[in-house]
Amino acid sequence: MLCVIRRLRQAPLQLAILIFFTFASSSFAYGPLGHEIVGAIADRKLAGTPTAEKIKTLLDGIPLERASLIADDIKSWDKNGPDDRRGIHFLAHPEIEQQLHDFWKANPPSPDANDETPSHHWMHYTDVPVLDAEKYGDGKTGRGNWDVVHTIPYCIGVLRGEIPADNPRKITKTIAVILLAHCVGDIHQPLHVGAEYFNEAGEPIDPDRDPPGLGDEGGNALSMVQNATAGRTRHYYHSFHAYWDLDTVRNLTIGTPDEVTKAERESVYAPAKEKLIADFVADEPKNWRASGDPKTWAEQWANEILPIAREAHTRVRFEHVHHEEKDGRVFAKGEAHEMGTGYLEWSTAIVGESNNLEGRAPSRLICSVAASL
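For the sequence shown, our numbering assigns the number 1 to the initial residue and increments by one for each residue that follows.
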């Protein structure tokens, strides 16, 4: 998600608009903190514009800072359905609540990757193999018609009116904005784009050339172990994926990957978050350029992130990898051990540096999308 922030630093208002219409960031794709930061930047960039008023109407006044979390919030319905009041709901916005119900029911969770009805979970990621240098279009493994690379342009099509709002996926214009606010964040998280695949012996393979093997579910099935340094003890993370989602953003924002106590959170996070938002809003380098139709951006972004996803895996060694089955899914489970030291510093820089990737936000196409709302 903070990779999107890097892009915001590289483009003026048009990119903030893009992160509204071509933007899909879940409740903390890079963790909730990262999504909220990106949403807050978009809110400030759009403030006072006609587009902001259109978005405000579609979202019934919900700011992007909050809307960027909704695509993850509805995962709380997965166990018992959207009528379970123990999940997260939007009762102050009944029309949006109903549209979210319809969307969830049209895209229910499923462990079967071959299910003809897509799961809303699939829309958050793609699992391109990272063993070799590979682009999204180079193979089939890990990709799908409803992965994040396909969901983003579909939402753009809905917003442009090219796809009717009453579509089989129940992605209305409001849902399209919500999904974009989440997925453009997700697609910039390396482990939302790339995955490692393993053979029976627990060795990394290229599933398009070798026997298929099993994937690590974007690092969700791997724990991560960081080596001790002079200033930090050896550290164990329950999930390699969650490390990238949460700990990198936390380290960038408050200077440590470790969570603070509940009592301290507001006093620690609020000023740090506000400073980061203000810094990114104020710092807008001139060297940004557009590249084609926004419908092509998702694949371009994936291709830009894949080398980072690959390095995220080559900087670790895998241990105790074995096949495991849970909830109808079969995957490769194991441990990712840091090789040497410096992974924390490197990954934090990837999240925070403004010059790693080039911003893409063609104003003419964003405006054409906005005009169709």
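Calculated directly from the structure, the hints in this document are not laboratory data.
Hints should not be assumed to be uniformly reliable.
Said to hold, decoys possible - DSS-like, lysine-lysine: derived pairs with alpha carbons at most 27 Å apart:
1. K140 / K56
2. K273 / K79
3. K262 / K105
4. K275 / K56
5. K170 / K105
6. K275 / K105
7. K333 / K56
8. K262 / K135
9. K135 / K333
10. K75 / K275
11. K79 / K54
12. K140 / K275
13. K75 / K326
14. K105 / K333
15. K140 / K326
16. K295 / K54
17. K170 / K79
18. K295 / K56
19. K79 / K56
20. K262 / K273
21. K105 / K75
22. K135 / K56
23. K75 / K333
24. K54 / K135
25. K170 / K56
26. K262 / K275
27. K273 / K170
28. K273 / K140
29. K79 / K275
Computed from a prediction, not measured in an experiment: that's the story for all the values here.
Taking the hints in turn, this is what the structure says about them:
For the proposed pair K140 and K56, the alpha carbon gap of about 39 Å is over 27 Å, so the pair is violated. This hinted pair does not check out: K273 and K79 have alpha carbons roughly 32 Å apart, beyond 27 Å. Between K262 and K105 the alpha-carbon distance is near 35 Å, which puts this suggested pair outside the 27 Å criterion. Restraint check: the Cα-Cα separation between K275 and K56 comes to about 25 Å, which is no more than 27 Å; the hinted pair holds.
The straight-line distance between the Cα atoms of K170 and K105 is roughly 9 Å, inside the 27 Å bound, and the hint therefore holds. For the suggested pair K275 and K105, the alpha carbons sit about 39 Å apart, so the restraint of at most 27 Å is broken. For a cut-off of 27 Å, the pair hint linking K333 to K56 is broken: about 43 Å separates their Cα positions. A hinted pair counts as satisfied when its Cα atoms are at most 27 Å apart, and K262 with K135 does not qualify at roughly 42 Å.
Taking the CA atoms of K135 and K333, the gap is about 25 Å. The hint holds against a cut of 27 Å. For the proposed pair K75 and K275, the alpha carbon gap of about 30 Å is over 27 Å, so the pair is violated. Between K79 and K54 the CA atoms are separated by roughly 34 Å; this puts the pair beyond 27 Å, and the hint is violated. For the hint linking K140 to K275, the alpha-carbon distance of about 42 Å lies beyond 27 Å, and the restraint is violated.
A hinted pair counts as satisfied when its Cα atoms are at most 27 Å apart, and K75 with K326 qualifies at roughly 18 Å. The hinted pair formed by K105 and K333 fails the criterion: a straight-line CA distance of about 30 Å is larger than 27 Å. Note on K140 and K326: the hinted pairing holds, with a Cα-Cα distance of about 24 Å set against a maximum of 27 Å. Between K295 and K54 the alpha-carbon distance is near 21 Å, which keeps this suggested pair within the 27 Å criterion.
Straight-line distance between C-alpha atoms of K170 and K79 comes to about 20 Å, which keeps the hinted pair within the 27 Å bound. Taken as a hint, the K295 and K56 pair is honoured in the structure, with Cα atoms around 23 Å apart against an allowance of 27 Å. At roughly 31 Å between alpha-carbon atoms, K79 and K56 are farther apart than 27 Å, so this suggested pair is violated. For the suggested pair K262 and K273, the alpha carbons sit about 16 Å apart, so the restraint of at most 27 Å is met.
Our distance criterion of 27 Å between C-alpha atoms is met by K105 and K75, whose separation comes to about 12 Å. For the hint linking K135 to K56, the alpha-carbon distance of about 36 Å lies beyond 27 Å, and the restraint is violated. Among the hinted pairs, K75 with K333 is consistent with the structure: their alpha-carbon atoms are about 23 Å apart, no more than 27 Å. Using a Cα cut-off of 27 Å, the hinted pair K54 and K135 is violated, with the two alpha carbons roughly 36 Å apart.
Our distance criterion of 27 Å between C-alpha atoms is met by K170 and K56, whose separation comes to about 20 Å. For the proposed pair K262 and K275, the alpha carbon gap of about 21 Å is at most 27 Å, so the pair holds. A C-alpha spacing of about 34 Å is found between K273 and K170, which places the hinted pair above 27 Å, so the restraint is violated. The suggested pairing of K273 with K140 is violated, with an alpha-carbon distance near 39 Å, which exceeds 27 Å.
With a C-alpha separation of about 38 Å, the suggested pair K79 and K275 falls outside the 27 Å cut-off, and the hint is violated.
Going through the hint list in order, the structure does not satisfy hints 1, 2, 3, 6, 7, 8, 10, 11, 12, 14, 19, 22, 24, 27, 28, 29.
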